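In order, the protein sequence lines correspond to chains A and B. Quick note on numbering that gives the first Met the number 0: the first sequence kicks off at 0 and runs consecutively. Quick note on numbering that gives the first Met the number 0: the second sequence kicks off at 0 and runs consecutively.
It should be emphasised that the hints constitute simulated quantities derived from the structure, not laboratory data. The structure displayed is predicted, hence computed values, not measured ones. Treat the hints with care, as some may be off.
[To be verified] Stretch-level coverage of chain A by chain B, calculated; a stretch enters the list once three of its residues show a Cβ under 8 Å from a Cβ in chain B:
1) 43-55
2) 60-71
3) 103-114
4) 141-155
5) 167-178
Glycine residues also receive a C-beta, built at the ideal position from the N, C-alpha and C atoms.
Protein chains: 2
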Amino acid sequence: MTDQRHDARYQARGASAGKSEVHAAITAQSAGLFPGAFCKIVPDDLTGDPDHALVVHADGAGTKSALAYLAWREGFPIGVWRGIAQDSLVMNLDDCACIGATGPFLVSNTIGRNARRIPGTVVAEIVAGYQAVCDVLAGEGITCRMTGGETADVGDLVRTAICDSTVVCRIRRDAVIDASRIAPGDILVGFSSTGRARWETTDNAGIGSNGLTGARHDLFGGGYRETYPETAAPETSPDLVYCGPYRVGDALPGGGGLSVGAAALAPTRTYLPLIARLRDAVPAADLHGLIHCSGGGQAKIVKFGRPGNRYIKDAPVPVPPLFAAIREATGMSWAEMYGTYNMGWRLEAAVAPAAVAACLDAAAACGIGAQVVGRVAAGAGQAEVVLTTPDGTAVYR
Amino acid sequence: MTDQRHDARYQARGASAGKSEVHAAITAQSAGLFPGAFCKIVPDDLTGDPDHALVVHADGAGTKSALAYLAWREGFPIGVWRGIAQDSLVMNLDDCACIGATGPFLVSNTIGRNARRIPGTVVAEIVAGYQAVCDVLAGEGITCRMTGGETADVGDLVRTAICDSTVVCRIRRDAVIDASRIAPGDILVGFSSTGRARWETTDNAGIGSNGLTGARHDLFGGGYRETYPETAAPETSPDLVYCGPYRVGDALPGGGGLSVGAAALAPTRTYLPLIARLRDAVPAADLHGLIHCSGGGQAKIVKFGRPGNRYIKDAPVPVPPLFAAIREATGMSWAEMYGTYNMGWRLEAAVAPAAVAACLDAAAACGIGAQVVGRVAAGAGQAEVVLTTPDGTAVYR
Chain A
0 MTDQRHDARY QARGASAGKS EVHAAITAQS AGLFPGAFCK IVPDDLTGDP DHALVVHADG
60 AGTKSALAYL AWREGFPIGV WRGIAQDSLV MNLDDCACIG ATGPFLVSNT IGRNARRIPG
120 TVVAEIVAGY QAVCDVLAGE GITCRMTGGE TADVGDLVRT AICDSTVVCR IRRDAVIDAS
180 RIAPGDILVG FSSTGRARWE TTDNAGIGSN GLTGARHDLF GGGYRETYPE TAAPETSPDL
240 VYCGPYRVGD ALPGGGGLSV GAAALAPTRT YLPLIARLRD AVPAADLHGL IHCSGGGQAK
300 IVKFGRPGNR YIKDAPVPVP PLFAAIREAT GMSWAEMYGT YNMGWRLEAA VAPAAVAACL
360 DAAAACGIGA QVVGRVAAGA GQAEVVLTTP DGTAVYR
Chain B
0 MTDQRHDARY QARGASAGKS EVHAAITAQS AGLFPGAFCK IVPDDLTGDP DHALVVHADG
60 AGTKSALAYL AWREGFPIGV WRGIAQDSLV MNLDDCACIG ATGPFLVSNT IGRNARRIPG
120 TVVAEIVAGY QAVCDVLAGE GITCRMTGGE TADVGDLVRT AICDSTVVCR IRRDAVIDAS
180 RIAPGDILVG FSSTGRARWE TTDNAGIGSN GLTGARHDLF GGGYRETYPE TAAPETSPDL
240 VYCGPYRVGD ALPGGGGLSV GAAALAPTRT YLPLIARLRD AVPAADLHGL IHCSGGGQAK
300 IVKFGRPGNR YIKDAPVPVP PLFAAIREAT GMSWAEMYGT YNMGWRLEAA VAPAAVAACL
360 DAAAACGIGA QVVGRVAAGA GQAEVVLTTP DGTAVYR
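Isolated chain A (complex conformation):
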């Protein structure tokens, strides 16, 4: 990305979209059995079976829990905390699903809380939220079982609450979707992050669970810096803390009555039932890659696929209202927005042209919007995403 201004703004808030420093710290670790796959896949040491592999995958809701806390304190129902559990779990599940794992999944969770800010009733909501996701998936024929967890009272470490989870699953090695197979000629199908999937009970504003540090501080203001200092790092310059135009209950422009707070807290949609359907509907030879467009947004795919791939995305999904509001509030460039947020599709498939219709059909059966967003071409050097929107063209490497 060439726009460094907002990356500096990210870093000034103690977050980063790229995490190059962290990647440098873990380079000594093995890349696993399928180095080009969407998540790390390891041998099945539990059984020793050479035909199978395991994924043990950790992720969390990130700073979205700080927004849940703030909204809850501002009068949102305590149930907003269930959404945080869903964020934590789905960020994991959908990563695993991108390598073709469709269960059974086993889940453990950790909650680190400041007990003076987060009572047991909130812990109970978070735990219930994990179970609720499992229940929804059960209704879709997918097994996801909570195995337990750990709640630690660590107020000396945590300002409010941090919610992480770990997912374990097993997959036949010959069933792995290995994103290194994404190749020139593939079509990119984007699956909407908004609307209402068949397994959702309300419309989803689409943000998922990344980029929330920036979105929160740039969307919201109204004195939150003074009222809820426990939701911001004291090291951050005050002019970057809750410097936005909205209070959490304010209406989202173009949001059909949804509040900005509810939109930003929309629980991360799981695409798992759709991915299970795609596995059935698309021949394995045609399903080359699935990308969970979380951190890094629409630039994420550049880390996958054959070397030198040129990802031409020239038919993006119309920008959903929440992302338009974030763009407006942050003053970020469109290029930066697409390099941070999913901007309307949090899952994309790279498939052979013959498989496009099946992808669109599968999405329709799930109540999820889908469209061809681009294609894969051969490039000359480093892999790149060339994104064209009504606002211009940006290149990500």
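Model the placement of chain B on the given structure of chain A, informed by the hints.
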């Protein structure tokens, strides 16, 4: 426990030894296949094999990382962070080992950091620390594999760094050590948490990774409250923050030259190679329970075993210097100390009398001190621990 004074002190610091509120929040969760076992054991959904079971277990280093941060800032080598990884991982592994699991283990870890306080070099040390434990265990014939992890920059949530991990293992159901079998007539063997196990390179002060919020604030002072406000919850009353007599580099009384900081940061010893040896040396019918004396210290066993068991502990291990220093600094009663810290043995076995000699032999072969610390008697009502020390007798229910 009848002494409520220090429990109040715990709560005033936002920690708790008992976590009754959290337990209330998760009562709806299933207890698993062996409700009386030391950790939750679930069906092996990954393979569907009815003869096997799985454990997916989460824990972390708790607030010990705040002490590592402080000591590192005070000039301790950056390698103290490796110990935090060991704390996080061993708190998990040793829980799993108490049900008889001896590997292979798969590990995922999460680091939530405030990037302004915790640079990538610290992240690298933590990651290396996890691998170092795996390497030591490999030398003991135990497979423990890192599968990856997630480092999140969440300064709005985390003051310094929080380090958690999740361990996955598989065990034959007929090999589970089910602590519900602990019964009257059993002998309690305690395994020292101090000294130097065969797989350790330095002497261990024995504290493990629980009770560190209290120990840290009551042991250390010297202006740390003002110098490192990022290591304490601002909600805590200032007179409870770093109100102790020591600086981290001060000599531990009776510690043979060890500093108080190094003693309190002693990486949690893993008993795993010892437990593997116990499994070989003691007939399964005689090995009724293994208890990891972490949170709840020497009162922990009261939650396990047959209803009404009376755990008579009348031959405790001599109090190690670090615990004596904590006792002195906190003004806690001995009863409270034993109900919080391990006080010298972080693992105990409940075995048939015929198996005692084998336990002692196994410990000796590992370089770990061991002794009979008590026995199990039949009681009339609620299970209880009756602990007799040179300072008196305390009862825990």
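Between the segment 103-114 of chain A and chain B, see if three or more residues pass the 8 Å beta-carbon test, and mark the coverage as holds or violated. Since 9 is at least three, the answer is holds.
Verify this for me: three or more residues of the segment 141-155 of chain A with a beta carbon less than 8 Å from a beta carbon of chain B. As far as the segment 141-155 of chain A goes, the hint holds, because 13 residues have Cβ atoms under 8 Å from chain B.
Coverage claim, chain B over the segment 60-71 of chain A, checked by counting residues with Cβ within 8 Å (three needed): Three-residue rule met by the segment 60-71 of chain A, so holds; n is 4.
Are three or more residues of the segment 43-55 of chain A within 8 Å, CB to CB, of chain B? holds (count 6)
Please count how many residues of the segment 167-178 of chain A have a CB within 8 Å of a CB from chain B and say whether that reaches 3. As far as the segment 167-178 of chain A goes, the hint holds, because 3 residues have Cβ atoms under 8 Å from chain B.
In terms of the numbered hints stated before, the structure departs from none.
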